[in-house]
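Q: Protein sequences appear in the order of chains A and B. Yeah, the first sequence ends on 1607 if you go by our numbering, and it's all consecutive. Yeah, the second sequence ends on 135 if you go by our numbering, and it's all consecutive.
Take the hints with a grain of salt, since some may be wrong.
What the hints assert, rightly or not - Simulated pairs of lysine-lysine, PhoX-like, Cα-Cα distance not exceeding 25 Å:
1. A:K1570 - B:K53
2. A:K1575 - B:K60
3. B:K116 - A:K1575
4. A:K1607 - A:K1554
Hints listed in this document are in silico derivations from the structure and should not be mistaken for laboratory results. Here the structure is a predicted model, which means the values were calculated and not measured.
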Amino acid sequence: MKKIISLLILMVIALSALSIAHADPEQDRKSIIKFFETRFVGIPLSEYVNGVYAYDTIGRESWEAIEEFPPYEIAIEKGQDMWEKPFANGKTYTDCFPDGPAIAQKYPHWDKKQAMVMTLPLAINQCREANGEKLLKYKKGSINNILAYIAFESRGKKTHVVIPKDAPGALAAYEDGKKFFFTRRGQLNFSCATCHIQNAGNRIRSDNLSPALGHTTHFPVYRSKWGAVGTLHRRFTGCNKQVRAKPFKAQGEQYRNLEYFLTYLSNGLELNGPGSRK
Amino acid sequence: MIKTIRGLSVSGTLVLIAALLSPASSAVSAEQKTAKGSDLEQGKKLAFSRKKGNCLACHMIKDGVSPGNIAPPLLMMKSRFPDKKVLRAQIWDASKRNPETAMPLFGKYEVLTGDELDKVVDFIYSL
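Working from the sequences, and respecting the hints, build out all of it.
A: Quick look at the structure:
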């Protein structure tokens, strides 16, 4: 216990020092992995893609039973239809994404031209806009179908977020996301790290808290609480609301930068979306 | 938590040990006498309510259903907190004792009103 706490304190000090001086994302990633390795001895890194079920052995049983008949299967099918059906102008998604649907591992990335973090949902809507199609909403609805299809097709690829050295904005965006993650907010005064680092593996009421490591590998996610598949930014919104903080705009700069940081932590972990959760 | 332990002065530790060794009642001074039954009921409601204290999110408390395990169980509070004011201060602003605390700052951030907080303190003190 003592050891873990002092490690955490060290880590927090290290992170705050890093954010002032030379930021090194690779050092961040390694210290967070080390923190979890020390806390959850014997759990291999590859298990973190399963979120809380990496260590919640009771919850894991019912989760595995659910995964036998995945509740997100319909979303994948509908998403495939969306992918294949031509737009009104005759073009398809393949005109925007020539590499096909197995592309989740390319996101988020630093878009040099637009000088911003590009996420998959945003890229999908930019494609639609360019082809005169209606924009999709970013939290609920049919965007989750196409995301589910892309996630499914990308299974087995590895998270691979790059922070290009020749684009200073990229590192700044990562730093911004990291700051967001460690900043306390809301009347209840929690940061993301309070729950998903400091208290990962502890129960808040009956909810076991998942580790930040692996958070992004399996989105979009079917949640029984939602009764639907939802996006990562929908989840961010929910987590902000539970601490009585005002949520930010889905696909706005704050959440995109947060996604950039959070996904970077999972570099090297396998993509296994879509997922299902409580 | 390390900080918390360091933060306790030597005399504070001695008082704590004395309180643990002596019967709980002897540590209760006149001004700290127990609150009325109805107030205690209200305090309990406030402490258990998800919209108000929601202490059960993190603490085990007698009679509370499916508590979390983020924080220490709340029991024998009179021996843990011989001085009720210290208990109130903990609930008012937990970051004073531990800047890295996961506990909401119930008073400072007005999660509870002063009156509500007093009732919660009375209830917790009765445990």
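Q: Which earlier hints turn out false for this structure, listed by number in ascending order?
A: Per hint list: zero violations.
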